[in-house]
Amino acid sequence: MRKKLLEIKGLKTTFFTDNGQIPAVDDIDFSVHEGEILGIVGESGSGKSVTSLSIMGLIPSPPGKITGGEILLDGKNIAKYTDKQMQKIRGKDIAMIFQEPMTSLNPLFTIGDQLKEAILIHNPKWSKKEAFARAVEIMKLVGLPRAEELLKDYPHQLSGGMRQRVMIAMALVCDPQVLIADEPTTALDVTIQAQILQLMKDLNKRLNTAVLLITHDLGVVAETCERVIVMYAGQIVEEAPIHEIFTNPKHPYTQGLIQSVPDMRYKKENLYSIPGSVPKPGSIQVGCRFAARCEYAMERCLQETPPLFEAAENHKSRCFLLEKQEVEQRVESVIKG
Amino acid sequence: MSKALLKVEGLKKYFPIRKGVLNSHAGDVKAVDDVSFEVFEGETLGIVGESGCGKSTTGRLLMRLLEPTGGKIEFAGKMISELSNNEMRKARRDIQMIFQDPYASLNPRHNIGKILEEPLIVHGIGNAKERKQKVLELLEIVGLNEYHIKRYPHQFSGGQRQRIGIARALMTNPRLIIADEPVSALDVSIQAQVLNLLQKLQKDLKLTYIFISHDLGVVRHISNRVGVMYLGKLVELTASEDLYAEPLHPYTQALLSSVPVPDPTFEREQIIISGDIPSASNPPSGCTFHTRCPFKMDQCSQVVPKMQEVKPGHYVACHLYEALQH
Chain A
1 MRKKLLEIKG LKTTFFTDNG QIPAVDDIDF SVHEGEILGI VGESGSGKSV TSLSIMGLIP
61 SPPGKITGGE ILLDGKNIAK YTDKQMQKIR GKDIAMIFQE PMTSLNPLFT IGDQLKEAIL
121 IHNPKWSKKE AFARAVEIMK LVGLPRAEEL LKDYPHQLSG GMRQRVMIAM ALVCDPQVLI
181 ADEPTTALDV TIQAQILQLM KDLNKRLNTA VLLITHDLGV VAETCERVIV MYAGQIVEEA
241 PIHEIFTNPK HPYTQGLIQS VPDMRYKKEN LYSIPGSVPK PGSIQVGCRF AARCEYAMER
301 CLQETPPLFE AAENHKSRCF LLEKQEVEQR VESVIKG
Chain B
1 MSKALLKVEG LKKYFPIRKG VLNSHAGDVK AVDDVSFEVF EGETLGIVGE SGCGKSTTGR
61 LLMRLLEPTG GKIEFAGKMI SELSNNEMRK ARRDIQMIFQ DPYASLNPRH NIGKILEEPL
121 IVHGIGNAKE RKQKVLELLE IVGLNEYHIK RYPHQFSGGQ RQRIGIARAL MTNPRLIIAD
181 EPVSALDVSI QAQVLNLLQK LQKDLKLTYI FISHDLGVVR HISNRVGVMY LGKLVELTAS
241 EDLYAEPLHP YTQALLSSVP VPDPTFEREQ IIISGDIPSA SNPPSGCTFH TRCPFKMDQC
301 SQVVPKMQEV KPGHYVACHL YEALQH
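Just so you know, the sequences run in chain order A and B. Okay, so the first sequence: first residue is 1 according to UniProt numbering, each after it adds one. Okay, so the second sequence: first residue is 1 according to UniProt numbering, each after it adds one.
Fair warning: there could be bad hints in the mix.
Mimicking DSBU-like on lysine-lysine, the simulated pairs with C-alpha atoms at most 35 angstroms apart in a straight line are [what the hints assert, rightly or not]:
hint, chain 1, residue 1, chain 2, residue 2
1, B, 12, A, 267
2, B, 311, A, 267
3, B, 296, A, 152
4, A, 280, B, 114
5, A, 268, B, 7
6, B, 19, A, 152
7, A, 280, B, 150
8, A, 267, B, 150
9, B, 206, B, 90
10, A, 268, B, 311
11, B, 12, A, 280
12, A, 267, B, 72
13, B, 203, A, 267
14, B, 134, A, 280
15, B, 78, B, 200
16, B, 12, B, 200
17, B, 200, A, 267
18, B, 296, A, 201
19, A, 280, A, 268
20, A, 152, A, 84
21, A, 267, B, 296
22, A, 268, B, 90
23, B, 19, A, 268
24, A, 267, B, 132
25, A, 3, A, 140
26, A, 268, A, 324
27, B, 7, A, 267
28, A, 205, B, 19
29, A, 3, A, 76
30, A, 280, B, 132
31, B, 296, B, 78
These aren't lab readings, by the way, just hints derived from the structure by calculation.
Modelling step: build the complete structure from the supplied sequences, incorporating the hints.
Structural data, given as C-alpha cells:
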C-alpha cells in the first residue's frame, strides 16, 4: 500500500449565514496516496469545492469555518494552522489550480513576474536569475513553446489552454506533494481539454505528484483517475476504484448519475433521469440525504442516517441496501475464521 | 423524406473591425462564413463546435436577432431573410428560441405568469382569460404547477428555470425551436430531465428543433442529423449515427476522439490535435483547419474545400474526399 500523503478525518465545514448554519461539508473522511490521481465527483452544491478550499485553508471566513475534524498533510494537522503557517505550505507542499485561469492570473503583471513571485516567496535565498531559469524550465515542462518570450507576455495575450498550462506551471513550480485541481478543464473546449488532461496525467507520472481532481464530468474522471469519491449534499456517498465505480456502482445516486450521462458511442433510447433536484445544504437533518429522490427508498432511510458500508475491498457506499450484504459477509468470514 | 421546413443558403455574418480615430474598416471577423443547410419537418438538427466556431451566431441569424451580411433563409416557403422588421416580428411566432442561461433570459422583476403571458400579448393572441388558460396549460406541460405562477425567477432552481424558458418558447405554438446550449448550465441529473422533456414535447407537439451545443454526447442523444462547425464554416453534415460511427472530416475525428468517455474500460486511439483555434478575424487561407490538420496536403492551404455529398446524405468539406464525389 502506498503512503498516505493527505488524510482527511471527519472534516466538517460550516457556513454561518442569516438563515442559520449550513454544513456544506459534513463529516467526510478520505485520503490521498502518494502518486495517485483521486477524483471527487458531484453536482453543484455537493460540497466538492468546499472540500478543496478547506484543505487549502481558503474558506472565506466569515461566514465559513472548519468546525470539526482534521486535515493531516504528512502527519501534521494543517486544519489548526494559523494563516502565516498556511502561507508557508500553500504553493510549496500543497498547490491548487482553479477552473477559470483568467480570473486566477493577475492581468497587470507578466506571466514571468507571477511565476517568479511564486518561486521567490518559497525560496527567498534564490537570485532573480535562478528564479528565471526555474520559470523557463517549468514552462517547458508543461509544454509551452517559446518559454522565454512567453514569460514577457501578459495573461490576456494567451489563449485559454495556454493560460491553464501557466496555472499548472505555477502550481508545480515548488514541487508540491499534492496538487488540487478544481474543475481544471471545465472552461476549456474539448480538444484543449484533451491536451490538458493528457498533460496532467504525464506530469503525475513523471513527478509523482499526487493529484486531487475535482470535477462534475464523469468522462473526465474515467479517463484520468485511479480512484473516485462521489459526493452528494455534503457527504461522501461512495468511494471505489475507477473500474468498480463504473462497472459495479453500489449507491443508487451513483447508478443514476452514470445512467443519466448521454453516451457519445451509442444512442440510448430513453435517457434515465433522477427525479427531483439536489436538496439545499442543511435542509435534511435526519435520514439518508438522497432518500427523497431514490427509487429504492425504505421507511428506514427517512429515519436513520446510513453509515458507509464496505461493499467490497476499497469500495464503500452509504446505503442501507448494502447492510444485509455486509452482515452476510461478516458471518461468512466468522465461519471461515 | 419529409419536406424542408427551413432552407439556409450561403449564410454569412461578418462583424467589422474598426480602427483608428476615423473608425475606418480594418477587416472582418467572419463569424459565419457561407453556411448552407436544410432542416426537415419534425427532425432535430444538431449543430456542434467549439467556442468561437459560429454556432450561436448561426442560431441568432436564423431568428434575425442579428442581421445576416449575406445569404438566404427560407422558412416554410417564406424568404425570411427579406422580411421587414415588422413582418419578421410576426414571423417569430413560428420560430422561437431557448437560451443557455435561463436566469439571464428571464426578467427578474416579472413573475412567471407575466413572463409566460408576454409572447401572447406581443403577438395579440387571445383575451386575458384565454391567455391565463394557456399559461396554466403550458406550465403543466413542462412539469410545473399553478402555484408557481406568482413566483419570480430567483425562486426557482436552474432546472425549473429552464423549464420556464421552454414553456415561454412554446407559448405561441411555434413550428421551429432553436435551442442554444439549453442544458449546458445544468447538472447531469437535471440535464437528463430537460433532455427527456424536450424529446417528449417534440413528439407530442410535432416540433422541429435546431439544437446547438458543444457537448457531443448530448447532441448525439437528441439529434437526427448533426452539423459540425469550425471557424464559421460547416465542415461536415450527416445523419447522427453516421457521424459518430464514421466521421470523415479530420476535425470531426479529432473532436470525437477528444471527448472523455465515462467508461474506464473503453480503449481507443486518441487523436490529440495540437494548437488552438485560430482567430476568426484572420482565418487561415484555404481550408481553415489546415493549420491543425494531421492530413494536410499542398492544396489545403490554397483552395477552400467545397461541401460535397460523399455518400448519400453525408456532406463533408475536405480535399481528402474530392475523388469520391458522387
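Quiz item: Would the pair residue 12(B) and residue 280(A) pass a check requiring their Cα atoms to be no farther apart than 35 angstroms?
Solution: Judged against 35 angstroms, a Cα distance of about 46 angstroms means the pair is violated.
Quiz item: Is residue 296(B) close enough to residue 201(A), meaning Cα to Cα at most 35 angstroms?
Solution: holds (29 angstroms)
Quiz item: Taken at face value, is the distance from the CA of residue 19(B) to the CA of residue 205(A) at most 35 angstroms?
Solution: Violated, because 49 angstroms separates the two Cα atoms, which is more than 35 angstroms.
Quiz item: Given the hinted pair residue 19(B) and residue 152(A), is their alpha-carbon gap at most 35 angstroms?
Solution: holds (26 angstroms)
Quiz item: Can the restraint linking residue 280(A) and residue 150(B) be considered satisfied, given a maximum Cα separation of 35 angstroms?
Solution: Status holds; Cα separation ~22 angstroms.
Quiz item: Given the hint that residue 267(A) pairs with residue 296(B), does the C-alpha gap stay at or below 35 angstroms?
Solution: holds (32 angstroms)
Exercise. Would you check the hint for residue 3(A) and residue 140(A), treating anything up to 35 angstroms between C-alpha atoms as holding?
Key: holds (30 angstroms)
Self-check item: Agreement of residue 134(B) and residue 280(A) with the hint, judged by alpha carbon distance not exceeding 35 angstroms
Solution: Roughly 32 angstroms separates the two Cα atoms, so the pair holds.
Quiz item: Keeping to a limit of 35 angstroms between CA atoms, is the pair of residue 280(A) and residue 132(B) held or broken?
Solution: holds (32 angstroms)
Quiz item: Regarding the pair residue 152(A) and residue 84(A), is the alpha-carbon distance no greater than 35 angstroms?
Solution: holds (31 angstroms)
Quiz item: Does the alpha-carbon distance linking residue 268(A) and residue 90(B) stay inside the 35 angstroms limit?
Solution: violated (38 angstroms)
Quiz item: Is residue 3(A) close enough to residue 76(A), meaning Cα to Cα at most 35 angstroms?
Solution: Given that 35 angstroms is the threshold and the Cα spacing comes to 14 angstroms, the pair holds.
The structure fails hints 8, 11, 22, 23, 24, 28 and 31 (numbered hints given earlier, in ascending order).
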